[in-house]
Amino acid sequence: MAAGSPTDPTGRLVTLRRKVQLTIDGATLSVSEGSTILDAAKSLGIDTPTLCFAQNLTPANACRVCVVELEGARTLVPSCARRVEPGMVVHTDSARVRDARRTVLELLASSVDMSATPKFAEWCERYGARPTRFGTPTPRPVVDDNALFVRDYAKCMLCYKCVEACGDDAQHTFAIAVAGRGAHATIATELDTPLPDSACVFCGNCVGVCPTGALQFRAEHELREADAWDESRQSQIDTICPYCGVGCSLTLHVQDERIVKVTSPVGSEVTHGHLCVKGRFGFEYLGKR
Amino acid sequence: MFGAGGGTSSYREVGETDVVLLWGSNARETHPIFFHHVLRAIDRGARLYVIDPRKTPSTAWATRHLAPHVGTDIELAHAVAHVLIHEGLVDETFIRRATAGFEDFKASVERWTPEAAEAATSVPAALIREMARDFGRADRAMICWTLGITEHHDAVDNVLSLINLALLTGHVGKWGSGVNPLRGQNNVQGGGDAGALPHKLPGFQDVEDDEIRARYERAWGATIPPKKGWHLTDQLHAMERRELRALYCLGENPAQSEADAHRVRKLLRELDHLVVQDLFLTKTAELAHVVLPAAASLGESEGTVTNSERRVQRLRRAVPPPMGARDDIWIIAELSKRLGHDLGTTHAEAIWDEMRALSPMHRGMSYARLEALGGIQWPCPDETHPGTPFLHDRLWAEPRVGPPAPFHVVHPEPPVEALTPEYPLRLTTGRRLSDYNTGVQSGAFASPLRRALETIDLAPQDLVRFGVREGERVRVRSRRGAVEAPVRADPRLPAGLAFMTLHRPEQVDTNLLTIEATDPRAGTAEFKAAAICIERLDVPLQSEPGE
Amino acid sequence: MDLKSIDALPTDDEREAIERVLATQPEPTRDLLLPVLRAIQARVGFVSKGALAHACDRLQVPPAEAWGIATFYHLIATRPAPRTVLHVCDDVACRARGSERITKALASRFAPEAAAHHDACWKRSPCLGQCERAPAALRIRAGEPVEERALGGLDAVSAMDALRGETIAVPAPASIQQPRDSLRLLARVGVVDPESLDDYRAHGGYAALRRAHELGASWVLREVSDAKLLGRGGAGFPAGRKWGAVASQPARPRYVVCNADESEPGTFKDRVLMEGDPFAIVEAITLAAFAVSAERAFVYVRGEYPLAAARLEHAIASARRRGLLGESVMGHAQRLEIEVRRGAGAYICGEETALLESLEGRRGEPRAKPPFPVEQGLFGKPTLVNNVETLAAALLIVRDGAPAFTALGTPESSGTRLFCLSGDVTRPGVYEVPMGLTLRALIALAGGATHGLAGVLLGGAAGTFVGPDELDLKLTFEDTRRAGATLGSGVVIVFREGTDFRAVVHGLAGFFRHESCGQCVPCRVGTTKVDDLLARVRAGTPDGTWDDERDRLRELGHVLREASICGLGQAAASALESATQRFAIWPAAMPTPTPTPSNGGKA
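Protein chains in written order, with the working numbering: chain V, 1 to 289; chain B, 1001 to 1547; chain Z, 2001 to 2603.
What the hints contain is simulated information worked out from the structure, not anything from laboratory work. Keep in mind that this is a model prediction, so the values were computed, not measured. Among the hints, erroneous ones may be present.
For lysine-lysine, the following DSS-like pairs were computed, each having C-alpha atoms within a straight-line distance of at most 25 Å [what the hints assert, rightly or not]:
#1 K42(V) <-> K2369(Z)
#2 K2228(Z) <-> K2369(Z)
#3 K119(V) <-> K42(V)
#4 K2004(Z) <-> K1055(B)
#5 K2228(Z) <-> K2474(Z)
#6 K2369(Z) <-> K19(V)
Using the sequences plus the hints, can you model the full thing?
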């Protein structure tokens, strides 16, 4: 971009965005060009279920729980990835949409342990999904190969978020990728090498974006195993990382006066929700005094 | 910069710039989330130049890696300036309108042709030209640096030589261009903001300005000494002169973190009174007469910190400190009370409000606004101001506002310690990804990245040269001390350069080797350039250096 | 990039195989990853840790990603494997011709599937595109050079011989079984020497390109548009609109990609064109590149087509030597390089965006559309992706003019079209007929059904079944659409009376389960659930009542069609659904099938 690009009074680049008018569930609205249908629906207060979507990652388009009906389109479209166009007419709660979302939820529940996925039970209720209709997931052993976090792939729904966070949406370390194909696809390092021998730098950004609890801080995993994980007793407090001078925003998840998990707000201009190994895991000195 | 005391740009601009010179920094490992912004720029097609004697994970992302000899940054910067001037890549209008001292500066770099610089730095002249041209022609370009620039005895000159490049090209004071030190510690910037500098009051107000000082004295109901104080290295000198006899040390571990540790420990031991306030019983605390256990900033304290883009952000308490540990504010207030002065409130927000009442650049930053906006970048003069992503746009105003930005004539100086036949290796120090400083905090978590043993890293050729094997324990000796460490071959190091960290002094007390040669203006020691030798352990130690 | 290398070294063979691929290109770029993996596979029979390490280092690909790519493709082994692998087709057309007898015989007399025995093994394979000479197999013997050979008309004895490494005499495909005078697209196939450029020119080759150069790119675009050519790969998108869209993009460079990843079960027409008239495909690509101003083109040939790939490579090299490619095509101001890239066993790569991902050296996972490839295709640049037959048709249009093309077919479905007849039909092969012929007439042209006709699978695994009472269906885009059917890729598989359609649809379900890329939930999980459900149908063991199972199947069909990312998932239940409407699939409505000795389709 040229030096002469328009800037706002604080000097930030301003992209002059046109407004796009569309109709969602009978309501007509205008949103900025470049918004997604999901953004537009949100501005109307419509609560759309999402799993593979995250504000700080490229839409992976994989889970399909956010599909909506777009008039003129042959199939339903993913609202998280589809950008608005003038004159679109969208239905977010038609029978087609409800049927598809219900079956997607049932398929997920039949193949993945969704028990640690926030809001999943609520969505099943909303769409009348019966989680065991297509069978129950196969148990898989937890992969426990490092001191900081565990990988419970029975809970992995292959949303691609961890791969994106490890890859070019954030960390650029590329320690993990999707391997295998179809029903045999998994998230893996090369030759399933244990993480400490892989390229992993333990930033935990994969843990930070995992929507199903397949990746868990060791403390969370242990508490869950002991049936002592209780989010109703947890508080989340934002503060700043104590290490280098970048000043990363941290959200401390505290249960019973103990830090059990560290994340970063996705809206942070400093971190975009991503941290390094020290910021995410380097808090343990507090408890060692 | 230019007296403002902070980096000129915001991180977001780093992601939107076209050329980044990352000078004396391995940000990929030492400032990983800052480097995410650099990666955003690279993904957009920006070019990254990394200037570092070592190959590092950062240089692996570079369009070009320039590897000068340790301590030859000014020669390199001057050669870049030479190319910019001689190839017509300077912004003449900007120089005329917004700067002063160009002609003198131009004359001072005249002898530094790329070829002359190649001879001094070992960086090929063609590479110097390429970087200079790219920097000069870019619409937006940034220079960012870390301790590779500042941990030298001529730290200030190093920085000034880089600022000169930004002034030549007008790469400052506009979106996407700027000069930025990446702060090594979480609140280095905030400490400066709050006046934890010997010559400044909160908000970078000059302590020797009577009018300003009077304002603070009125607010505080106390008298402020009218002369600037000592920075850390001045303090060590004053201890040596036995002028400074009592020290109150907060959250620092100089017995391990300062260069020439034998000397520092001796000085600390000789004090009449040493008070240490820390989270842990550090090596420094072990020397103290009184230890005040403190609450941690992370999760145990309320307050603010300021980061490398001048963003003031809120610290919040999430868990109680351990039994007996007290909040820093409470301790200071209590101490003051016992010394006969009541500081008043110990409420963090009230203290912050007092500070912003006195510091114009922080005035608009109420806690409520800091929370609502996710932090605010100073200056923020009032409560309607959005904060300032980049500094010095005044330089682009027509006509210019304020004084011109001066070019600085600086001259290269080699590291204080020359290499000699007895000490033929250059030792430089740095951080690794999952560790931090002397490991007091970072050592507590079980990082899978941490190697079992702290090592001295050498180029494979130097293993041959000194007849040592990988993994062999050797004695590393400088003029100040000696330590033992196992050898690790690192093909990323150039021959003649050794690398050690300060992370695990209990294993390898690296600062026994480093040199306390300090830039009198900055007070930073030359951690990056000591002269050492390595000896096999079957060779008896000739004489005990240091103590 | 600060990549961490794998701690392993390649063997000399592996290193040499990798370096030889890299030597073909000026820079070791990421898009060479699949060619490199294929080369390692071809040399030693599997991709070892050391080989992967060297490939990653040379191409600067993160090892985890390379692993993800190597494990994506059916023809790449990532664990030590025997040098000789016999891929035995187990798909719908070969099953109709008794392929199960071969796999059963191999399992009992040679070794279980995938088990090494005397440095050889056999594996079931999805459709190999040799349906006119079913049952078929592909034998690959790793080494220098690798031997890749398609085998047709196989039986248990010859399959055993093939595994033992013996030379197998198999009948060459007599693909064309109709009077030659009606042929246009196929006119030269079987007549011209596929390895002689001179012979190609003697048979009218390069007349179309010469005409295009004379009349200009915009004339070509108009002609293709006027001819109302609809894409022959399956989706039937107007080719003229695609060409025009690419030509009008501001971004450069632009690319042409010929989709020769013909993998729809029962399809082999593109193979016949590429093997029989490869220069025509090269000329057609050159023509398309001229029309849209592309200077680089790729032909993505499915991995199971070694002969087609070899013939195309030979044709490209010959054309280049003779100035028909390169810096100045035919002395004209056109510049073009064409490269053949081969797939490695993934049906999904026939989906155009998955194909582009695969070409770029990534997993063949479809992209979200929009943006479409005409705007952001290969390497993010405007890209024309056309099927082989579509390009071949465009060549005819330019040579003879749009009116000659539209003179045949119907107003909405112009020209002739290739159909692949297989299964229980007298003369299996490729047939070129004007659009609008009835299905009945087409089957008659192939000599009719061999053992009565119980049904036809039209359009492939992603197509629909047609019952014996529906044979008057006209083979046009519009008529099939109205009938709820599809022409797909021109597949016509005939099933004899007594066919166990439960087994047939279960086989199709297994195909989709095997070929789903796994990216989206509806397809990854849905295809396995359909397959499981059909297994229960065949076993007669419903989960709950059969009504519950019907509901499940209906909902699976709905979610696959409505919510999958790409055409694979969207069409994965269409043949099955059409079968349930025509044949007795549900146990409650169907008496226990009585086995008949001639029932080749039965498990």
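Results of checking the hints against the structure:
1. A distance of roughly 22 Å separates the Cα atoms of K42(V) and K2369(Z); the hinted pair therefore holds under the 25 Å criterion.
2. Only pairs whose Cα atoms come within 25 Å are accepted, and K2228(Z) paired with K2369(Z) is accepted, the gap being roughly 24 Å.
3. Annotation: proposed proximity of K119(V) to K42(V) holds, straight-line Cα distance about 17 Å (limit 25 Å).
4. Taking the CA atoms of K2004(Z) and K1055(B), the gap is near 14 Å; set against the 25 Å cutoff, the hint holds.
5. Distance restraint check for K2228(Z) and K2474(Z): the Cα-Cα separation of roughly 18 Å lies within the 25 Å cut-off, and the hinted pair is therefore satisfied.
6. Taken as a hint, the K2369(Z) and K19(V) pair is honoured in the structure, with Cα atoms around 22 Å apart against an allowance of 25 Å.
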